[in-house]
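**Q** In order, the protein sequences belong to chains F and R.
Offset between the first sequence (1-based) and the numbering used here: plus 10.
Offset between the second sequence (1-based) and the numbering used here: plus 10.
Keep in mind that the hints are not guaranteed to be accurate.
With a cut-off of at most 30 Å between alpha-carbon atoms, the simulated DSSO-like pairs for lysine-lysine come out as follows [claimed, not checked]:
#, chain 1, residue 1, chain 2, residue 2
1, F, Lys126, R, Lys126
2, F, Lys31, F, Lys126
3, R, Lys126, F, Lys31
4, R, Lys31, F, Lys31
Among chain F residues calculated to face chain R with C-beta under 7 Å, some are [claimed, not checked]:
#, residue
5, Leu127
6, Arg166
7, Thr198
8, Asp205
Hints in this document: simulated from the structure, not taken from any laboratory.
All values derive from a computational prediction rather than experimental measurement.
Idealized CB from N, CA, C, for every residue including glycine.
Protein chains: 2
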Amino acid sequence: MEGEDRRQQILRAAFEEFSEKGFHGATIKGIAERASLQSPALIYWYFPGGKEELFASAVESQLSFLQSFRDPEALLDLPPDALLRKVADAYGEFVSRPVTIRLARLLLGEAPRHPKLFDPVVARGPMRVLRFLETYLERQVQLGRLRPHDVRASARAFLGMLFPMGLSHVLLPQLREHGPTDEEYVATMIETFLDGLRPHPQEAGDDGD
Amino acid sequence: MEGEDRRQQILRAAFEEFSEKGFHGATIKGIAERASLQSPALIYWYFPGGKEELFASAVESQLSFLQSFRDPEALLDLPPDALLRKVADAYGEFVSRPVTIRLARLLLGEAPRHPKLFDPVVARGPMRVLRFLETYLERQVQLGRLRPHDVRASARAFLGMLFPMGLSHVLLPQLREHGPTDEEYVATMIETFLDGLRPHPQEAGDDGD
Chain F
11 MEGEDRRQQI
21 LRAAFEEFSE
31 KGFHGATIKG
41 IAERASLQSP
51 ALIYWYFPGG
61 KEELFASAVE
71 SQLSFLQSFR
81 DPEALLDLPP
91 DALLRKVADA
101 YGEFVSRPVT
111 IRLARLLLGE
121 APRHPKLFDP
131 VVARGPMRVL
141 RFLETYLERQ
151 VQLGRLRPHD
161 VRASARAFLG
171 MLFPMGLSHV
181 LLPQLREHGP
191 TDEEYVATMI
201 ETFLDGLRPH
211 PQEAGDDGD
Chain R
11 MEGEDRRQQI
21 LRAAFEEFSE
31 KGFHGATIKG
41 IAERASLQSP
51 ALIYWYFPGG
61 KEELFASAVE
71 SQLSFLQSFR
81 DPEALLDLPP
91 DALLRKVADA
101 YGEFVSRPVT
111 IRLARLLLGE
121 APRHPKLFDP
131 VVARGPMRVL
141 RFLETYLERQ
151 VQLGRLRPHD
161 VRASARAFLG
171 MLFPMGLSHV
181 LLPQLREHGP
191 TDEEYVATMI
201 ETFLDGLRPH
211 PQEAGDDGD
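Input sequences plus hints: build the corresponding full structure.
**A** Encoded structure:
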């Protein structure tokens with residue numbers, strides 16, 4: 011088995027171990043056994059940062075929506091409705107995976123006790139998507155596709171709007187009762203957001219700068 | 011001490027006990043002692059549902075934003091920018107209270123282990139605000155102030171947009187770095203949302219039905 015495959019195998023084993031036993035209950039030895047490694051010490055070859063690094067990397071490996079951003083530069087020129095739908099669909103697919111419920115339980119279980127464990131998880135997941143979205147929206151403003159506005163706020167607002175969809179799958183099924191389907195929700199959400207950020211007619215007509 | 015004061019005193023004591031010891035560690039006896047009750051059995055006079063009811067009611071008593079909805083009928087005719095700002099400000103005030111961090115830790119700590127504990131909390135807090143907002147937005151559509159749209163989706167989207175503000179105070183201070191202030195965030199968020207739901211010019215000019 012080659013390096014990258016071995017690494018992926020360890021990450022899967024680590025996610026199993028962490029989600030069954032929590033961060034403190036999990037052991038390097040247990041992860042090595044699940045990954046059928048001959049020696050637990052080999053894990054440090056792949057993850058020199060030990061258990062903390064394994065935790066962050068194991069969680070990151072489950073964030074399937076990150077795959078949509080593998081080539082971020084290619085996304086920068088997509089029209090807003092296409093890009094936002096891509097982000098929303100990737101998130102919808104992520105929160106609909108059964109494994110995401112286990113991921114959420116793991117994170118919720120650890121968050122209150124070990125807030126420091128989360129800084130790298132947050133940096134690799136949500137903050138990365140947020141920074142990308144800020145960059146993307148700023149570029150759309152420059153291209154004249156969106157009106158000038160505070161993209162720090164709109165990027166946060168867009169990701170915030172996705173959140174009820176995730177909650178409804180993972181933690182609050184109540185939100186689905188008498189609620190829209192994911193498709194209906196995403197359609198209304200993106201239409202409202204983009205209509206709200208469309209250049210005002212007078213701005214669109216200006217020569218502008 | 012009269013009934014309602016006594017009830018409030020028990021709720022404060024219960025919140026202290028639950029947030030220190032978690033749901034399972036907390037005891038009726040411990041709550042009674044904190045509330046200086048002569049007998050723990052008296053607690054059942056005020057809360058016949060026992061520990062589960064106390065948990066839901068103690069959490070509800072900390073949801074300060076509910077106070078803004080004490081007279082929901084009076085809110086139905088407020089203009090959208092005023093009502094939405096009121097909701098956003100109440101939420102901003104709530105998430106900025108130091109006690110809300112303890113509340114979030116309590117809920118996050120219990121959520122993975124006792125999901126059933128949450129149904130009444132969710133019903134008394136977020137679902138109540140969501141149902142109100144759906145009713146409010148539907149009414150604004152009827153009044154012609156907003157264009158016809160799926161209010162189940164827009165109500166969820168609006169509450170979702172508030173969420174990054176809460177997260178930034180309670181769990182993810184990273185969101186504040188290079189981020190907008192609460193005031194800037196709320197201003198952009200409401201402006202975008204309302205511009206996105208404004209009646210289209212052709213619709214506004216129609217006789218409509």
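**Q** So, for every hint listed, does it hold in this structure?
**A** Evaluation of the provided hints:
1. F:Lys126 x R:Lys126: holds, 28 Å
2. F:Lys31 x F:Lys126: holds, 18 Å
3. R:Lys126 x F:Lys31: holds, 22 Å
4. R:Lys31 x F:Lys31: holds, 21 Å
5. Leu127: Because about 12 Å separates Leu127 of chain F from the closest Cβ in chain R, which is outside the 7 Å limit, the hint is violated.
6. Arg166: holds, 4 Å
7. Thr198: holds, 4 Å
8. Asp205: holds, 4 Å
When each numbered hint is compared with the structure, a violation occurs for hint 5 only.
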